[in-house]
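Okay, here's what each chain looks like letter by letter:
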Amino acid sequence: MGVPAGGRTSGWWPLWVAIALMVGSLVFVRSIDPAVAAAAQEAVGLETASPIAWWVWPVALLALTFVMGILAALGGVGGGVLYVPIVSGFFPFHLDFVRGCGLLVALSGALAAGPGFLKMNLASLRLAIPVALIASASAIVGAMIGLALPTNVVQTALGAAILAIVAIMMVARKSEFPDVPEADRLSTVLRIHGVYREASLGQTIDWRVHRTLPSLLLFIVIGLMAGMFGLGAGWANVPVLNLMMGAPLKVSVATSKFLLSITDTSAAWVYLNQGCVIPMMVVPSLVGIMLGSFIGVRLLRTAKPRMVRYVVISLLLFSGAKAITKGLGLPFFF
Amino acid sequence: MGTIAMSSAVTRVRVDDEQRLYASILEIGVYLGLVVLLVTFALYASGLVAPSIPLHELPNYWHLSVHDYLEVTNAEHLHHEHVITGWAWISVIGKGDYLNFVGIALLAGVTIVCFLGILPTLIRKHDRIYATMAVLEVLVLTLAASGVLATGH
Chain A
0 MGVPAGGRTS GWWPLWVAIA LMVGSLVFVR SIDPAVAAAA QEAVGLETAS PIAWWVWPVA
60 LLALTFVMGI LAALGGVGGG VLYVPIVSGF FPFHLDFVRG CGLLVALSGA LAAGPGFLKM
120 NLASLRLAIP VALIASASAI VGAMIGLALP TNVVQTALGA AILAIVAIMM VARKSEFPDV
180 PEADRLSTVL RIHGVYREAS LGQTIDWRVH RTLPSLLLFI VIGLMAGMFG LGAGWANVPV
240 LNLMMGAPLK VSVATSKFLL SITDTSAAWV YLNQGCVIPM MVVPSLVGIM LGSFIGVRLL
300 RTAKPRMVRY VVISLLLFSG AKAITKGLGL PFFF
Chain B
0 MGTIAMSSAV TRVRVDDEQR LYASILEIGV YLGLVVLLVT FALYASGLVA PSIPLHELPN
60 YWHLSVHDYL EVTNAEHLHH EHVITGWAWI SVIGKGDYLN FVGIALLAGV TIVCFLGILP
120 TLIRKHDRIY ATMAVLEVLV LTLAASGVLA TGH
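Residue numbers (numbering that gives the first Met the number 0), protein chains in the order written: chain A, 0 to 333; chain B, 0 to 152.
Just so you know, the hints here were simulated from the structure itself, not pulled from any lab data. Since this is a predicted model, take the numbers as computed values, not measurements. All C-beta atoms in this analysis are idealised placements derived from N, C-alpha and C, irrespective of residue type, glycine included. Worth double-checking, as some hints may not be accurate.
Stated by the list, open to error - Listed next, the stretches of chain A that the computed footprint assigns to chain B, with coverage defined by at least 3 CB atoms under 8 angstroms from CB atoms of chain B:
no. : segment
1   : 63 to 72
2   : 90 to 98
3   : 128 to 139
4   : 185 to 199
Same shape as in the complex, but just chain A (with noise of 0.2 angstroms):
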């Protein structure tokens, strides 16, 4: 990730891009107000042509996806978490169907993940299966609470946990390899440890878990915090996994992409059967995602990870604000 000897600014190039896309994805979008929009409807009547032609947001959602897409990737955070906030602030679409399609965009990118860091041994099935019970189970029952609640009062709560969620990646450590002295009895019991093959060192890592209970039990309000709003949870699994059981680094955060198959999964349902999917926002969204995804991943090798996070910090940040602000009906500067 070093920067080429007089090529200091060489590597930023495709951030600087990303920021200057999804800003100009904002400002266009900000610049079809809805309200406008709404207001020349009712004017002449919804069977009229919409001032806006149909097919523009979905191309918007899809350029927008694409650079989050590419900023997900480059600064370490699933795509749920970015999403939700950012298009429930900024697009017209109602908030039900905006944590519907998040889950689906999280649950999309973990289901394509998941099988090659199974088969290389970096997400571990034995120590996903019990935190996955736990999770899954919770985040049916967030994602009940989070469509029985009054929208206003989940966006504003989806603006205090986004800032929240800023704080842990603002405070939190990472540590590549825990010290853990010794497996815990849990752990033992259900003999989660493992081996997986550390290229960058060329060896070989044996690693194992402790604190195995009190993690689980913070499962419980990961589990409910993902499926009520939408969100995957790769911000709160890989700090649980890592620093608190003890995980290495590797491990942690191909583990927590693979649990979010399982957990979103199953707060996913509960949205679909609801109803809360339009195809025409799901699609655009995924394919955006993934193709940003793929770029980003690329571009690793010449961006600064360090600016990508604060890039990733300041967009959290700001959708936070915006979410709070809309849920509590107060004006926002953007």
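Knowing the structure of chain A, use the given hints to seat chain B on it.
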């Protein structure tokens, strides 16, 4: 590094049978789900399969809460006795928009198949705890998928 044991010997990392099997089933399910989703979306967006809600009218509805969206679109376009929730989308699968639900359901359902797939391996290995957890996970996901858990604003 504490107690993380490292070995520089180039040893082959062995992946558990059930983990390898899970990965294989997941891989097939994901590819199948994505292909079906893209094909059905192409049929829908191109107009080859007519949707229940005309594409140009979508912006009139997507700002509504899901409850209002279902009520209004049913009254104005679908004219069903009940709004389309749960698995009722199968009854309108001939409509382009609901046709997309096939791919979405495949993607959301593949995890259940994965857990069912590894169950015989876990039982054969006498891994009772994980076999029980796999059964419980199937029950949790099936409950979520069943549509029994109805809620609303």
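Status of the hints after comparison with the structure:
no.	hint	verdict
1	63 to 72	violated (count 0)
2	90 to 98	holds (count 5)
3	128 to 139	holds (count 7)
4	185 to 199	holds (count 6)
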